[in-house]
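Q: Listed here are the chains, written in short residue letters.
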Amino acid sequence: MIIKNKAIVADDWTVLRLQENEAAESVHVAAGKIIVPLKVWQAQRDVLQQREEIGVWLASDERPEALKEDIKKFTVIAVDFPKFSDGRGYSIAFNLRVRLGYTGELRAIGDVLRDQLFYMQRVGFDAFAPRPDRKIEDALKGLSDFSEVYQTSFDPKLPLFRRVQRKGSQAENSQ
Amino acid sequence: MYRYDEYDQQIVDERVKQYRDQVRRRLSGELTEQEFLPLRLQNGLYMQIHGYMLRIAVPYGLISSRQMRMFAHIARKYDRGYGHFTTRQNIQFNWLKLQDTPDILADLASVQMHAIQTSGNCVRNITSDEFMGVARDEVVDPRPYAEILRQWSTFHPEFAYLPRKFKIAISGGQEDRAAIYAHDIGLAVTKNAQGEVGFRVLVGGGLGRTPIIGSEVCEFVPWQHILTYVESILRIYNQYGRRDNKYKARIKILVKALGIDEFKRQVEADWADLKDGPGTLTSEEVNRVASFFTDPAYETLPDHDSKLNEFKADSRSFSHWLQHNVKPHRVPGYAIVVLSLKKPGNAPGDATAEQMDFVADLADRYSFGELRITHKQNLVLADVRQKDLVSLWQEASAQELTTPNIGMLTDIISCPGAEFCTLANARSIPLAKLIAERFEDLDYQYDIGEITLNISGCVNACGQHHIGNIGITGVEKKDHDEWYQVSIGGSEGNDSSISKIIGPSFTFHQVPEVIERLVQVYLRERTEDERFIDTVRRIGHAPFKDHVYATDFSVQEEEVADKHSVAPAQYDVPYFSPRF
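Those sequence lines, one after another, are chains A and B.
With the numbering used here applied, the first sequence closes on residue 175, and no number is skipped along the way.
With the numbering used here applied, the second sequence closes on residue 580, and no number is skipped along the way.
Honestly, the hints are just simulated from the structure, not real lab data.
If you're wondering where the values come from, they're calculated on a predicted model, not measured in any experiment.
For every residue, glycine included, the Cβ atom is placed at its ideal position computed from N, Cα and C.
Hints may be right or wrong, so weigh each one.
To be verified - Here are some chain A residues pointing at chain B (derived, C-beta under 8 Å):
1) K39
2) E148
3) F161
Said to hold, decoys possible - Each computed DSSO-like pair below joins lysine-lysine, with the alpha-carbon atoms no more than 27 Å apart:
4) A:K83 - B:K165
5) A:K4 - B:K312
6) B:K165 - B:K97
7) B:K275 - B:K191
8) A:K83 - B:K17
9) B:K248 - A:K83
10) A:K83 - B:K246
11) A:K157 - B:K17
12) B:K312 - B:K387
13) A:K39 - A:K4
14) A:K68 - A:K157
15) A:K39 - A:K83
16) B:K275 - A:K68
17) A:K135 - B:K17
18) B:K275 - A:K157
19) A:K6 - B:K387
20) B:K500 - B:K248
21) B:K17 - A:K141
22) A:K167 - B:K246
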């Protein structure tokens, strides 16, 4: 199960993670819906791009620009959070959405916990695979911690000061 | 000052609710301490030696009398009747229970305050010039921009898990009073030749383990673009700042590694995509926020009150206070009053609940209901009529708030130190007290003149020891005793510099004598009108070093059974403490 578009849904994608003895060039990518590491995509691109549906995931130290040419080929792009305190994935998501114009599913994987979800959805994630030892129902609540925000990011497109009419001081209003 | 509208209030109220649930989950065991840690830190809650410490944001140091009374209430109800004002213009309470903290935040939200992002690896409370809006040398009032940056940085979704903490300071005077050279980003709001408002942007300054003076990344960013420009700096840092080593994770290390030119190139490449986008500031928004910072109802008054001079002639104490603690105001007939929290014998920056209530009353009666907290850990009444100075002085003296030592040797900046803080190697506050007592004689202090003395209990430099004319740092040696490094030559402001260590470290009781010897060299060598820092710069470290180490120290060390011990907690052992 994952959270997608603010609901808990079944998930039929598998995330491929390279084991220590596996190499990106030679690892076997099973049939079906697989999200492969960027390195595997790069090493086996000729074969993998023939598939109808393929996903790729980025490690937090990898650059989304590496997918620039291929961005439309993916049904899903995932960003891995090796630990929740590693915040690089937020900028990766922002760059994928805003700079590279990625419009498909953007999924947060790895050390994904309830209290990060609100920020994650704002930088462009629309799918979340919360850590399996936690209740996914609880994680879902994290998406609605706040009903208003100040600044623009991927969501919302405009900062608060461009979205609403805010009041100045009373002194000014009375003039 | 700025007042919340329904949006600000809603965001802060929802934060209280979110945090209350996080505490509930921690207490129920649903969250591990490791998982709770970044959540509580982003809300200013630390686990100290004796219990939980909460750091409350005072945005750019500006506070209303009502908010100050809430601090007094918190001090009485949840703490031990006092609080500690910090070098980042915030306040800390040291003796809290985890279970109480959601209620404290709810109390704060009721007076438009919070503890959001006062700790953690995120953008911290924006600090500014304590004389903003009233200084004679002000070019542009930084307050509207400080508030706009506060809102922009509050819960910024992309920058909550940075490699390390991130501090922004903004100043608008010709003289920098916000230590902008010692911040991750330092902003000087200014005007260009055409009279347009913009920002000189410094980046990569900072103290801590690797003290560095900030470098200019852009000479002039027009005001419309300041949020997007800062955003690009943060994005480059978030992606490329080091995360493998906590001590090399601040932006200053990245800027040093790339060089300022390459760093600027990367920032501006990122910024090219944001410039003129939706994050661009509008004049409507700047005007709206600026409408909260218009002048109060100043009276038309003569600039020199004759009664003041009469009283000055009568009272030497008042005269001293007027000279050192009262600063010129840009409006005729008004003055800026610095209330000293540095009475020798007291902990620098500490204020009791009674003092907080008292200064709130003073603010209501003498200064349009507002106060400022300074990064030197004093309080400011910014808009006092000169004709009220005598009565204000008399009243404030009764509360021990008029020690005429602003800018003098006993106006010591000090972090809480090893009695409170898990990071500190050595005690800070007792050392500050010992030094202040030794130099308490005012005539001696006035002879020494302008000097800054900053104490940090460890290299993390909360006491900003690198930018003190004299800096003291607690260090730990193998035997786990307390030792102190002494450095000289640091300074803040337009001529910022980082101090250098004079030599091997000293024991607790040797430090006051070391300072005495440094002062002796200065008094011997100074030319007329030369400040301590000027003499250090002119003659170098060697004469100071030679004199300090020339003779042995005769002071007796008292046995300190436990440097972490202060008065024991009056309540049960805290629920989670690293020590118990």
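Q: Taking only the CA atoms, is the gap from K4 (chain A) to K312 (chain B) under or equal to 27 Å?
A: violated (73 Å)
Q: Is the hinted pair K275 (chain B) and K157 (chain A) satisfied, with a Cα-Cα distance of at most 27 Å?
A: Status holds; Cα separation ~14 Å.
Q: Keeping to a limit of 27 Å between CA atoms, is the pair of K275 (chain B) and K191 (chain B) held or broken?
A: holds (20 Å)
Q: Could you grab the alpha-carbon distance between K167 (chain A) and K246 (chain B) and see if it respects the 27 Å cut-off?
A: violated (42 Å)
Q: Within a Cα-Cα threshold of 27 Å, do K39 (chain A) and K4 (chain A) meet the stated pairing?
A: holds (26 Å)
Q: Going straight from one Cα to the other, do K312 (chain B) and K387 (chain B) come out at no more than 27 Å?
A: Judged against 27 Å, a Cα distance of about 12 Å means the pair holds.
Q: Next pair to validate is K39 (chain A) with K83 (chain A); report whether the Cα-Cα distance is within 27 Å.
A: Holds: K39 (chain A) and K83 (chain A) sit about 20 Å apart, inside 27 Å.
Q: Do the alpha carbons of K83 (chain A) and K17 (chain B) lie within 27 Å of each other, as the hint requires?
A: holds (25 Å)
Q: Is the Cα-Cα distance between K248 (chain B) and K83 (chain A) 27 Å or less?
A: The hint holds at about 19 Å.
Q: Less than 8 Å between beta-carbons is the criterion; does F161 (chain A) satisfy it with respect to chain B?
A: holds (4 Å)
Q: Decide if the proposed pair is consistent with the structure: K165 (chain B) and K97 (chain B), CA atoms, cutoff 27 Å inclusive.
A: Given that 27 Å is the threshold and the Cα spacing comes to 25 Å, the pair holds.
Q: For a C-alpha distance cap of 27 Å, please report whether K17 (chain B) and K141 (chain A) respect it.
A: This hinted pair holds, its Cα atoms lying about 13 Å apart.
In this structure, the hints that do not hold are numbers 1, 5, 19 and 22, in rising order.
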